[in-house]
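A.B. asks: Sequence:
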Amino acid sequence: MITRLQAGPSSERMDVFLKNHLPEHSRAYIQKLIEQGRVRQNGIPVKSSTRTIADSPVEIDIPEPVPSHLVPEPIPLDIRYEDEWLLVINKPQGMVVHPAVGHREGTLVHALLAYCADSLSDINGVIRPGIVHRIDKDTSGLLLVVKDNRVHEDMAEKIRRHEVSRVYRAIVHGQVPTMTGTIDAPIGRDPGNRQRMAVVSGGKPAVTHFTVLEQLRLGALLEVSLESGRTHQIRVHLKYIGHPVIGDPVYAPGRKTFGQPGQALHAARLTFVHPVTGHSVTVESPMPSSMTDLLEVIR
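Counting from 852, one number per residue, gives the positions in the sequence shown under the working numbering.
Read the hints as simulated data drawn from the structure, not as lab findings.
One thing to keep in mind: the hints can contain errors.
[What the hints assert, rightly or not] For lysine-lysine, the following DSS-like pairs were computed, each having C-alpha atoms within a straight-line distance of at most 30 Å:
id: 1; residue 1: K870; residue 2: K898
id: 2; residue 1: K1009; residue 2: K998
id: 3; residue 1: K870; residue 2: K883
id: 4; residue 1: K883; residue 2: K998
id: 5; residue 1: K1055; residue 2: K1009
id: 6; residue 1: K1009; residue 2: K870
id: 7; residue 1: K883; residue 2: K898
id: 8; residue 1: K988; residue 2: K870
id: 9; residue 1: K1107; residue 2: K883
id: 10; residue 1: K988; residue 2: K998
id: 11; residue 1: K1107; residue 2: K988
id: 12; residue 1: K1055; residue 2: K898
id: 13; residue 1: K1009; residue 2: K883
id: 14; residue 1: K898; residue 2: K988
id: 15; residue 1: K988; residue 2: K1009
id: 16; residue 1: K1107; residue 2: K998
id: 17; residue 1: K1055; residue 2: K988
[Said to hold, decoys possible] Quick list of the computed label-pair ranges, beta carbon to beta carbon:
id: 18; residue 1: S1016; residue 2: R1106; range: 25 to 31 Å
id: 19; residue 1: S899; residue 2: V1051; range: 17 to 23 Å
id: 20; residue 1: M852; residue 2: T1033; range: 48 to 54 Å
id: 21; residue 1: P1104; residue 2: V1148; range: 38 to 44 Å
id: 22; residue 1: T1143; residue 2: V867; range: 46 to 52 Å
id: 23; residue 1: E910; residue 2: Q1046; range: 23 to 29 Å
id: 24; residue 1: H954; residue 2: V1148; range: 47 to 53 Å
id: 25; residue 1: T1143; residue 2: H872; range: 52 to 58 Å
id: 26; residue 1: S862; residue 2: G953; range: 27 to 33 Å
Note that beta-carbon positions come from the ideal geometry of N, C-alpha and C, so glycine has one too.
Using the sequences and the hints, build the whole thing.
C.D. replies: Here is the structure:
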């Protein structure tokens, strides 16, 4: 569907102009339309930074909504916080967040579609409704889900600015020699295995902080927090300092798992300022029984 707008007498950035004239659409969605070449000024595709030309027409090709072919599944959800704008889910280990190759059903998204129906943001498309960040399949714990597009945009910006605090518990191989530490090392694709991430020169900046909560006979229990959110960041950084997460099939292959079904990593606390109410929200989740059992084994 083609929408035609007339630029005013003063020049402004194209994405700002469109956001002001199409308030029903989020800024992220508008920028996506621009990236796809769906916005033209005087018949020429524009960039987000393109300035409007006084009194010139701007055409936007807004695609028809794509219906979701995902079938909602009534999978029980452990909801730790909910209001009319967002909710926080305690995801079990082994559950995939959204559909992907090899995971066409049984994901968190399928469960959310059954629970929330159409009340989920759609900024990330029909495959990832409501998903503003993710945790790995075998990482358990807290995940933020958004119902409203404008709130989604606000929360995504808070995450980008590191204004959402995410604290994890990790059980690692070996006793850690320092009680606190910071790992500042860039992360990118492992040149030896493109399916893994690694600390590599030229990678994206990544900073992880840790505190040893308990030194164990065969390992350590850590509290870990992130300044950045790179793929597999905690797992990669802990491997980099010689203390990979116990049970991690990718970054601790061949190491004793002590019966762990996957990496012993849990998203334990989520803190943010609510984008609508302005109140501080903190949600906590205790470690799953698989991790508390592991502590007893390696003490």
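A.B. asks: Are the hints correct? Go through all of them and say.
C.D. replies: Verification of the hints:
Between K870 and K898, the direct Cα distance comes to roughly 14 Å. Compliance with the 30 Å bound is thereby established for this hinted pair. A threshold of 30 Å between alpha carbons decides the hint, and for K1009 with K998 the separation of about 16 Å falls inside it, so the pair holds. A distance of roughly 12 Å separates the Cα atoms of K870 and K883; the hinted pair therefore holds under the 30 Å criterion. Restraint check: the Cα-Cα separation between K883 and K998 comes to about 20 Å, which is no more than 30 Å; the hinted pair holds.
For the proposed pair K1055 and K1009, the alpha carbon gap of about 19 Å is at most 30 Å, so the pair holds. For the suggested pair K1009 and K870, the alpha carbons sit about 19 Å apart, so the restraint of at most 30 Å is met. With a C-alpha separation of about 10 Å, the suggested pairing of K883 with K898 holds against the 30 Å cut-off. For the suggested pair K988 and K870, the alpha carbons sit about 36 Å apart, so the restraint of at most 30 Å is broken.
At roughly 45 Å between alpha-carbon atoms, K1107 and K883 are farther apart than 30 Å, so this suggested pair is violated. Distance restraint check for K988 and K998: the Cα-Cα separation of roughly 22 Å lies within the 30 Å cut-off, and the hinted pair is therefore satisfied. Taken as a hint, the K1107 and K988 pair is honoured in the structure, with Cα atoms around 20 Å apart against an allowance of 30 Å. Of the supplied pair hints, the one linking K1055 and K898 holds, its CA atoms being roughly 25 Å apart against a limit of 30 Å.
Proximity of K1009 to K883 is assessed by CA-CA distance (about 19 Å); at most 30 Å being required, the pair is judged to hold. About 36 Å separates the Cα atoms of K898 and K988, which puts this hinted pair outside 30 Å; it is violated. Pair hint K988 plus K1009 holds up; C-alpha atoms about 24 Å apart against a cutoff of 30 Å. Proximity of K1107 to K998 is assessed by CA-CA distance (about 41 Å); at most 30 Å being required, the pair is judged violated.
The straight-line distance between the Cα atoms of K1055 and K988 is roughly 23 Å, inside the 30 Å bound, and the hint therefore holds. Between S1016 and R1106, the C-beta spacing of about 30 Å keeps the proposed range 25 to 31 Å intact. A C-beta distance of roughly 30 Å is found between S899 and V1051, which places it outside the suggested range of 17 to 23 Å. Between M852 and T1033 the beta carbons are some 50 Å apart, a value that agrees with the proposed interval 48 to 54 Å.
Between P1104 and V1148 the beta carbons are some 20 Å apart, a value that contradicts the proposed interval 38 to 44 Å. For the pair T1143 and V867, the beta carbons lie near 51 Å from each other, so the given range of 46 to 52 Å is met. Evaluation of the 23 to 29 Å hint for E910 and Q1046 yields a failure: the beta carbon distance comes to about 42 Å. At about 30 Å, the beta-carbon gap between H954 and V1148 misses the expected band of 47 to 53 Å.
The supplied range of 52 to 58 Å is met by T1143 and H872, whose beta-carbon atoms lie about 54 Å from each other. At roughly 49 Å, the beta carbons of S862 and G953 sit outside the given window of 27 to 33 Å.
Hints 8, 9, 14, 16, 19, 21, 23, 24 and 26 from the earlier list are contradicted by this structure; the remaining hints agree with it.
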